[in-house]
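Protein chains in written order, with UniProt numbering: chain A, 1 to 445; chain B, 1 to 445; chain C, 1 to 445; chain D, 1 to 445.
One should not assume that every hint holds.
Copies of one chain are not kept apart here, so a pair can be met inside one copy or by any two copies together.
Said to hold, decoys possible - Computed cross-link-like contacts, DSS-like style, restricted to lysine-lysine with a CA-CA straight-line distance of at most 27 Å:
hint, residue 1, residue 2
1, 75, 405
2, 75, 354
3, 183, 354
4, 426, 129
5, 404, 129
6, 426, 136
7, 277, 75
8, 229, 277
9, 288, 277
10, 180, 405
11, 288, 183
12, 24, 288
13, 129, 229
14, 288, 404
15, 109, 426
16, 24, 277
17, 229, 109
18, 24, 229
19, 405, 183
For the record, the hints were derived by calculation from the structure and aren't laboratory data. Given the structure is predicted, the values throughout are model-derived calculations rather than measurements.
Number of protein chains: 4
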Amino acid sequence: MNRSGFFYDLLSTLFERQNIARVKGDGRSITSLCDDLIASASEVSGYNMGQQILSRFSELTQEDEIAFFEYLNEKMDIDIDRLQASTAAYQIDQSPENFANLLDAAEPKRQELLRRINRVPGTTGDLVKMRARLLKLLKDHPSFGRIDVDFQHLFGSWFNRGFLVPRRIHWQSPANILEKIIKYEAVHAINDWDDLRRRVEPPDRRCYAFFHPAMPDDPLIFVEVALVKGIPGSVQEILAENREILSPESADTAVFYSISNCQAGLRGVSFGNSLIKQVVEDLQAEVKSINTFVTLSPIPGLNRWLHQSVIDQPNTVVAAEDIEMAIESGELGGLKEQSQWLRRQAAHYLVNQKTRNGMPLDPVARFHLNNGAMLHDIHAGADLSPNGVRQSCGLMVNYLYDLKKVSQFHEGFAETHTVFTSREVKTLADAAAANSNGRKLKNGS
Amino acid sequence: MNRSGFFYDLLSTLFERQNIARVKGDGRSITSLCDDLIASASEVSGYNMGQQILSRFSELTQEDEIAFFEYLNEKMDIDIDRLQASTAAYQIDQSPENFANLLDAAEPKRQELLRRINRVPGTTGDLVKMRARLLKLLKDHPSFGRIDVDFQHLFGSWFNRGFLVPRRIHWQSPANILEKIIKYEAVHAINDWDDLRRRVEPPDRRCYAFFHPAMPDDPLIFVEVALVKGIPGSVQEILAENREILSPESADTAVFYSISNCQAGLRGVSFGNSLIKQVVEDLQAEVKSINTFVTLSPIPGLNRWLHQSVIDQPNTVVAAEDIEMAIESGELGGLKEQSQWLRRQAAHYLVNQKTRNGMPLDPVARFHLNNGAMLHDIHAGADLSPNGVRQSCGLMVNYLYDLKKVSQFHEGFAETHTVFTSREVKTLADAAAANSNGRKLKNGS
Amino acid sequence: MNRSGFFYDLLSTLFERQNIARVKGDGRSITSLCDDLIASASEVSGYNMGQQILSRFSELTQEDEIAFFEYLNEKMDIDIDRLQASTAAYQIDQSPENFANLLDAAEPKRQELLRRINRVPGTTGDLVKMRARLLKLLKDHPSFGRIDVDFQHLFGSWFNRGFLVPRRIHWQSPANILEKIIKYEAVHAINDWDDLRRRVEPPDRRCYAFFHPAMPDDPLIFVEVALVKGIPGSVQEILAENREILSPESADTAVFYSISNCQAGLRGVSFGNSLIKQVVEDLQAEVKSINTFVTLSPIPGLNRWLHQSVIDQPNTVVAAEDIEMAIESGELGGLKEQSQWLRRQAAHYLVNQKTRNGMPLDPVARFHLNNGAMLHDIHAGADLSPNGVRQSCGLMVNYLYDLKKVSQFHEGFAETHTVFTSREVKTLADAAAANSNGRKLKNGS
Amino acid sequence: MNRSGFFYDLLSTLFERQNIARVKGDGRSITSLCDDLIASASEVSGYNMGQQILSRFSELTQEDEIAFFEYLNEKMDIDIDRLQASTAAYQIDQSPENFANLLDAAEPKRQELLRRINRVPGTTGDLVKMRARLLKLLKDHPSFGRIDVDFQHLFGSWFNRGFLVPRRIHWQSPANILEKIIKYEAVHAINDWDDLRRRVEPPDRRCYAFFHPAMPDDPLIFVEVALVKGIPGSVQEILAENREILSPESADTAVFYSISNCQAGLRGVSFGNSLIKQVVEDLQAEVKSINTFVTLSPIPGLNRWLHQSVIDQPNTVVAAEDIEMAIESGELGGLKEQSQWLRRQAAHYLVNQKTRNGMPLDPVARFHLNNGAMLHDIHAGADLSPNGVRQSCGLMVNYLYDLKKVSQFHEGFAETHTVFTSREVKTLADAAAANSNGRKLKNGS
């Protein structure tokens with residue numbers, strides 16, 4: 001007997017406004033429209049112009065798109081002279097007026113432009129798509145990074161955690177949402193509707209997503225969870241078609257086996273940490289028997305590093321060609337016999353290999369460790385799909401979220417980049433490191 | 001047969017998160033908490049600190065509140081030296097990094113602080129209340145206006161029209177929403193639940209509001225509408241208890257007879273124009289017979305001006321004492337006989353009396369004229385409540401929204417402050433102006 | 001994160017169909033319409049006729065209403081000859097055809113008539129109202145009881161527990177539902193919206209109702225519950241305006257202090273037992289700390305019985321005039337001093353006074369005892385409202401629902417009319433009975 | 001801006017109650033449980049017994065199932081002696097008590113048994129399934145038809161049109177509903193989710209279903225509609241994968257191209273007429289441009305009849321072998337050339353071929369003609385799927401729902417079995433009849 005009738009009602013409008021018809025163009029170019037929108041104080045004509053801009057943008061050729069972003073980058077940038085004058089004025093007199101002038105001068109016009117386009121109900125998703133287009137051009141047009149700073153600033157404010165809506169995804173969810181889960185799954189591909197159903201329908205499988213009220217049709221991020229007995233060592237057992245279904249109350253462990261960001265245009269606006277936290281809270285409240293929260297995660301950078309490492313320090317166990325073959329064919333071949341060696345290397349890679357600024361080399365490790373998880377275990381033969389073999393010789397990791405230590409681990413990692421591990425993983429890493437140092441010594445001698 | 005089931009579902013969470021329990025304090029002062037929140041990268045401890053800050057703030061004495069705002073104003077302001085350095089760097093090299101640094105330096109830390117507090121689900125309303133408290137202090141602490149600039153900037157972005165949800169309010173609405181309508185009604189007070197019911201239940205009465213998804217319990221603004229035959233000349237006939245109920249299809253006119261902003265903390269973040277536009281669209285789609293959209297509006301500044309005007313230019317019709325008596329007693333007395341003279345003065349006031357920057361003196365006139373409405377008619381005896389007599393000798397105005405001309409009128413008003421009027425109102429204003437000029441001439445001679 | 005979006009959606013239509021416009025009459029009398037509806041096989045014209053019948057019925061004078069019910073009673077009764085023939089045929093050959101003919105012959109045509117009217121979406125409530133009108137006529141027209149048998153039969157099937165929807169009522173409920181709670185409250189009157197709010201808004205107050213999907217606007221029955229510490233002895237403390245609000249987790253007892261049937265037309269279709277059962281289940285799941293479920297119930301028949309009893313067996317404690325005064329004035333007067341004596345009498349009345357068929361004399365006692373509750377305690381001064389004094393000298397009872405014994409007690413009561421009581425109540429009843437028997441002996445000697 | 005928040009809320013419980021866990025058995029046999037449930041007055045133990053009965057039933061072997069139905073048929077039948085006594089008593093004195101006794105005696109106990117089982121929330125669907133099982137046994141156990149009479153009686157009352165909820169099905173519908181549409185489609189099979197999507201997602205395709213509030217997960221019947229320009233002559237153009245999508249406002253015709261009953265256990269409880277009527281109303285209100293409502297229907301009995309007819313009256317156009325081949329292979333072969341001849345035969349079959357009681361031989365024709373539709377056109381090559389060829393050589397029919405004539409046509413058909421046709425169809429039928437009579441004459445001579 002819940003108490004939220006009105007709020008369902010409230011959101012219906014969010015949907016209705018999706019249907020706003022795009023207006024017809026009136027002949028102005030997209031840049032004239034932007035100029036006019038910035039100049040205009042009229043809300044009514046502002047709507048019209050906002051819609052036209054988005055409509056035009058969606059039809060631009062790549063060349064025109066570049067021209068449009070150049071316009072945003074150059075013509076809608078900060079006016080440095082004005083900024084310096086406002087700064088000087090504010091330095092002399094910190095009046096609110098001077099302060100307002102300074103803030104205004106310090107904001108590039110394109111931020112206001114994007115806010116004004118966003119006034120048209122239902123267009124937030126279009127702006128996210130616009131940034132996705134921009135991101136594709138960044139490599140060849142690095143100066144567009146300035147526009148991207150503005151997008152990031154606005155999206156950080158609009159997609160603030162406080163505005164996000166967590167939702168469970170299940171077999172009763174609308175098909176148009178479910179098809180997006182199929183499309184966006186980035187870790188263990190969902191082959192078809194039957195595969196999807198196996199991940200969202202059984203009582204021991206869960207899927208949770210974040211939505212933004214202005215994009216109610218489109219998830220921002222989602223996580224897939226398996227409720228199991230004991231910490232699992234392979235994703236095959238989780239995804240098996242004919243596995244036995246567990247009653248949730250018999251489970252003691254929740255395994256986060258897949259996390260996917262859905263919106264390319266929201267790169268750098270982080271939700272994953274919040275979503276995991278939210279799901280842990282929800283599961284704790286709902287399934288009392290669960291006391292362990294753990295991931296089963298890929299090691300996306302392992303093989304690349306391993307290949308280089310084996311080239312740098314040849315050894316008697318595997319040859320660079322073995323790794324190459326795994327990367328190319330997606331098949332383990334003789335490596336199948338080397339699981340213990342591989343686990344040690346993986347531990348060494350995850351614990352000891354760092355970027356220039358002292359962070360773990362592996363991006364997934366960075367994510368979970370920064371969330372306050374610890375490196376709990378490493379499994380060979382854990383993802384034997386071609387993709388799993390290609391990136392990490394089939395190895396996977398459990399990151400453990402120990403709720404009592406999450407804060408402490410997060411702080412430790414944030415301040416000193418400390419990688420917290422289980423004794424097991426430490427032993428593995430030490431063995432590999434000793435070996436490696438030994439070799440280094442030998443090599444160095 | 002609508003298609004929006006999922007979206008109702010989606011919003012349920014918005015409600016659930018209202019219930020998040022406030023955390024216990026841990027001994028840190030509110031300013032230490034703010035310092036720590038800005039310094040911390042941890043989301044988990046960030047939530048905790050955000051909640052503590054809000055909890056502390058709600059318990060501050062006025063003195064401590066002032067101290068807290070002083071802290072925000074001084075300690076969390078822009079670092080001018082850093083800003084100048086970043087500006088200089090950007091002037092030399094417009095790299096995205098330099099640009100990002102510049103933007104960062106140009107934003108006072110308190111903006112990021114407020115965004116981080118807002119990450120805690122359900123706290124947006126608390127931040128709106130925080131600004132409401134700030135606004136009360138502005139008069140005595142004008143320098144706090146700097147903080148207010150930041151609030152305005154953030155709220156302008158968060159309460160962007162694209163994020164607002166329009167909802168009809170009716171007798172099936174939740175009681176906790178309806179009681180807020182009673183509380184927030186600012187123009188024609190709602191006495192009790194029966195009075196409320198008369199405004200939202202009959203088929204010829206409507207009420208529409210804007211909500212924000214992060215404050216689903218609390219309207220931002222609402223408008224009350226009567227569907228009638230012909231443009232009405234008094235609010236008494238609209239609010240009468242025993243009036244005859246009209247079938248909507250028999251109505252030809254929608255009268256906006258009350259618009260109330262609900263959140264003091266959102267002052268300056270304008271929704272009224274959008275709401276009127278939205279309601280006009282909805283009513284046009286729903287009730288085909290309606291072709292006229294008009295307000296019945298108060299003239300809040302009339303009596304104040306009239307009093308001064310009569311003192312400045314004594315005349316044979318009314319004396320300053322007559323106006324004074326109306327203002328003080330809320331009774332018309334002898335003025336009852338002077339309706340035509342009063343209408344002329346009101347027209348003169350609305351059309352010809354301006355602020356220093358050339359805008360109409362009357363705030364309600366400014367609002368509707370800026371929306372693109374025209375001054376259609378002026379009625380005496382239109383609001384005979386004590387309040388109506390006190391502020392405008394019982395006179396009210398119809399502003400007409402002629403959809404074909406709204407854009408044109410808005411532009412005209414925005415650019416040249418032109419007050420568009422009906423012939424009727426023009427005649428009234430001219431008569432009063434002629435008289436006034438005549439007197440001026442005489443006096444001047 | 002619930003999973004029920006679609007189902008909300010589904011019910012929206014239940015509402016929409018409320019709005020079906022009544023059709024215009026076509027000149028046929030209500031009885032011709034009934035004849036034609038029974039004769040017609042067309043669904044389309046059946047709808048039209050059903051609507052006309054209801055529309056006509058609502059406009060009948062009392063005289064015409066009686067004529068209409070006479071028509072239903074006589075013209076739409078069972079055809080005995082046909083029934084006897086069908087019975088004989090079935091006796092010879094139990095073929096399905098003969099069986100179908102028999103069932104058909106054994107059903108009065110008015111049942112099919114009512115079912116056909118009910119095909120028009122949204123009319124179930126109108127049929128409930130029709131029976132309410134019928135019930136008012138029963139006393140003067142006892143033969144109409146035949147029609148009532150049919151109504152009861154149909155409503156028993158349509159309002160089967162499996163079709164009812166339990167809903168919590170709270171301050172977020174729609175105002176049109178809440179106003180019905182105010183209107184229907186039959187035990188402790190709700191004075192106004194503030195009084196209502198005190199019963200549904202605080203976290204330690206609950207209200208639950210049953211709805212039928214075909215009457216989504218109108219509750220069938222509701223119960224008000226207080227979550228408290230310890231079993232309360234007066235309704236004043238529950239309804240007090242300025243009482244301290246309890247956090248639900250601190251409560252150990254749920255008190256059912258008011259149960260009201262809402263639909264006169266559903267008399268005899270019992271929901272109370274199911275509702276209590278449902279609420280107990282919901283509360284157990286939601287508020288773990290609650291382990292006692294108890295009522296605080298009126299004793300509606302006490303004073304009437306007491307008055308007679310004192311006349312029959314005068315005593316030295318109170319005189320018939322004392323009781324009369326309480327009944328008439330609603331004031332206790334000197335009886336205030338006699339609480340212990342009153343409690344004993346009440347216990348005696350509840351435990352030992354029976355109807356001809358051996359059931360407790362008191363209707364509320366019958367209801368709860370039949371549900372499997374036990375008589376737990378009796379309190380003087382427990383309802384000092386004029387109404388409470390008038391009916392029971394301000395006494396009230398706790399019936400205790402001990403979940404482990406509910407089945408056993410129900411069976412015992414159902415089979416042998418055993419009234420299960422606490423030791424306390426037994427002692428009270430024994431004392432009174434001894435006295436009474438003593439007096440009887442004395443009188444009898 | 002709709003007004004139905006609460007009602008969504010209301011239905012949520014319908015869903016929640018789906019989840020009621022089945023109780024454990026206590027050793028009683030299913031028939032003992034039925035005996036006890038009929039004997040018991042306790043609601044609590046009644047729930048338990050109801051659940052046990054359903055649980056037992058679902059596990060019965062076919063043999064035990066037959067025994068159970070035999071028990072229902074014999075032990076729970078009407079008591080003829082008691083019925084005759086009650087009838088006699090009522091004949092003498094028509095008191096309400098005697099009437100109630102009569103009704104009670106005339107109702108087999110199994111009706112009350114089924115009502116009591118149905119008290120357990122969420123079990124209505126189980127009872128529908130129980131009847132589906134019964135229907136399978138009817139052929140071999142015709143006497144079970146008596147039980148079926150009772151099921152039909154109860155379901156007719158419970159699934160009264162007034163209790164049904166019409167819902168649009170679309171791509172935003174829950175996947176668990178959509179998969180049932182795939183499963184239940186009985187006319188033009190839905191191959192997979194992509195095929196489904198083509199029927200529910202485009203703006204010119206619609207699907208509507210009836211639900212019962214006690215079975216919110218399971219449609220009762222659904223209809224698929226195409227919005228098109230002009231009346232279509234083949235289902236291939238409707239189902240084509242790459243057809244051009246039409247904007248609804250450009251359509252002038254709604255084509256009902258598939259109607260499927262979903263619940264075998266509701267056979268004989270008719271919803272199709274109501275659903276078509278409802279959809280016509282909804283479409284008229286929503287898409288103003290549509291003025292023609294027509295089906296594109298199969299002729300399921302054509303080939304069987306045609307085969308016999310050709311055997312009876314050999315002709316020079318086609319031979320019995322041609323028809324046989326079509327029936328067996330699903331391929332038209334040489335019949336492809338004979339479309340005009342086939343159309344004539346189909347018209348003759350639909351217009352002139354009757355059952356013993358004078359109704360059209362074709363079941364689909366009976367359905368639509370009885371709804372008040374007219375036979376508008378017959379198309380060859382209209383359904384070239386193997387199934388379409390097998391049953392009707394690929395021919396299909398348009399039944400036209402002319403809203404102004406639906407009542408009149410229905411009455412005409414109901415009273416005199418008149419088959420209303422367009423001139424075109426009449427011409428076709430006359431041509432075939434003439435021929436056939438000619439041949440008959442010849443043969444007869």
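**Study point:** Hint numbers contradicted by this structure
**Key:** The structure breaks hints 1, 2, 3, 4, 5, 6, 7, 10, 11, 13, 15, 17 and 19; every other hint is satisfied.
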